[in-house]
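Novice: Using the sequences and the hints given, assemble the complete structure.
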Amino acid sequence: MTVTLAATWIDIGPLDAIPRNGARVLKTAMECVAVFRTASDEVYGLRDQCPHKQGPLSQGIVHGHFVTCPLHSWVFDLRTGAVEGPDEGSTPAYPVRVEQGRILLDIAALAGPASA
Amino acid sequence: MSTRTTTSAAELRAIADVVDKFNIPSVKVTGGQRIDMLGVKKEDLPAVWADLNAAGLVSGAAYAKGLRTVKTCVGSDWCRFGTQDSTGLGIKLERLLWGSWTPAKVKLGVSGCPRNCAEATCKDVGVVCVDSGYEIHFAGAAGLEVRKTDLLGNVRTEGEAIAVIAAIVQLYREQGRYLERIWKWAKRIGNDTVREQCLEDRDRRQALYERFLYSQQFAQTDPWAERVAGKDAHEFAPLADLTTARQEALV
Numbered sequence: 001m002t003v004t005l006a007a008t009w010i011d012i013g014p015l016d017a018i019p020r021n022g023a024r025v026l027k028t029a030m031e032c033v034a035v036f037r038t039a040s041d042e043v044y045g046l047r048d049q050c051p052h053k054q055g056p057l058s059q060g061i062v063h064g065h066f067v068t069c070p071l072h073s074w075v076f077d078l079r080t081g082a083v084e085g086p087d088e089g090s091t092p093a094y095p096v097r098v099e100q101g102r103i104l105l106d107i108a109a110l111a112g113p114a115s116a
Numbered sequence: 001m002s003t004r005t006t007t008s009a010a011e012l013r014a015i016a017d018v019v020d021k022f023n024i025p026s027v028k029v030t031g032g033q034r035i036d037m038l039g040v041k042k043e044d045l046p047a048v049w050a051d052l053n054a055a056g057l058v059s060g061a062a063y064a065k066g067l068r069t070v071k072t073c074v075g076s077d078w079c080r081f082g083t084q085d086s087t088g089l090g091i092k093l094e095r096l097l098w099g100s101w102t103p104a105k106v107k108l109g110v111s112g113c114p115r116n117c118a119e120a121t122c123k124d125v126g127v128v129c130v131d132s133g134y135e136i137h138f139a140g141a142a143g144l145e146v147r148k149t150d151l152l153g154n155v156r157t158e159g160e161a162i163a164v165i166a167a168i169v170q171l172y173r174e175q176g177r178y179l180e181r182i183w184k185w186a187k188r189i190g191n192d193t194v195r196e197q198c199l200e201d202r203d204r205r206q207a208l209y210e211r212f213l214y215s216q217q218f219a220q221t222d223p224w225a226e227r228v229a230g231k232d233a234h235e236f237a238p239l240a241d242l243t244t245a246r247q248e249a250l251v
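Residue numbers (my numbering), protein chains in the order written: chain F, 1 to 116; chain G, 1 to 251.
One should not assume that every hint holds.
Simulated pairs of lysine-lysine, BS3-like, Cα-Cα distance not exceeding 30 Å [to be verified]:
1) K27(F) to K42(G)
2) K42(G) to K53(F)
3) K105(G) to K53(F)
4) K41(G) to K53(F)
5) K27(F) to K105(G)
6) K27(F) to K21(G)
7) K28(G) to K53(F)
Ranges of calculated distance between the beta carbons of each label pair, as one might list FRET restraints [unchecked claim]:
8) A16(G) to P70(F): 25 to 35 Å
9) E226(G) to A108(F): 34 to 44 Å
10) R102(F) to D36(G): 40 to 50 Å
11) K53(F) to E43(G): 14 to 24 Å
12) I61(F) to E119(G): 28 to 38 Å
13) A6(F) to E226(G): 37 to 47 Å
14) N21(F) to F218(G): 17 to 27 Å
15) Y63(G) to P95(F): 33 to 43 Å
No lab work stands behind these hints, which were simulated from the structure alone.
Don't be surprised by glycine CBs; every beta carbon is placed ideally from N, CA and C.
Specialist: Structure representation (structure tokens):
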């Protein structure tokens, strides 16, 4: 039997709490989520851990819809969590959206399988 | 300790107190004669910097493309071979150069005699004190590349040594390419050019020195003190902490 949780959007803070081309960390009981804001105010959520050597992606450099890991410069697509070539791998991406200046995260996705 | 090369009982006590208070897991002495405090939790950093600043200490710029450290030996004060006050010159150089940005990192050393305990001859700029004054060496490296310095020339006084070194750093700042260490820059433009402009041509040397001094008025700010005062506070705190909320949800 597969249990699917309905999307549960929770308010995790105002958009302007994250600098443009920056990130903040959301602490949860399961893991830390890096919440990114791009130059054009899109917001994305990735597990705050590079699969290579566990670098904190929230401290990486954001460019376009990508972030570069601060440890060894792996590049992640913020939309999917997929690593750009020539490196291989991915980190879970979590559903995040902005409504009336507030950032909402689907907490049900966090409760899903660890390697989404 | 960006403007220090010596320490005191009071400073060491203050460092020990910070290590205890914040459970800092690793403390070591660095190759540049500074004290590393490693493994501080990021959210603790502003409070750590505040306590260190309150004790009169300034955190160094360990990752900067800028001045790193000026390594020294004890010099004429405490060594029978010392010919000049190498520690004193090292402190003066560090006070002059700290906070300056450069194309790549800049490491200095000042040895009190040619026995060279401060290993000045593998630094970006090194001084070897001699009875007649100061030998100024430059373009050394001891990293991916290992390279002995070249001798730029000799000067008689401490003041001249300081002016020549500031002029070298300034010319390098004006001409060097990003990530190009001093030895690579010097190889590209030629040692003779550096010698002519930073040592032999007094007017050119003085102009470079003055430009360096002018720039330092705006560069010598302590970035850690700025963050203690609240700058970039978002960097050190989570956006939100759902730890408690999650636990409730799981119950």
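Novice: If any of the earlier hints don't hold here, list their numbers in rising order.
Specialist: Number 5 only.
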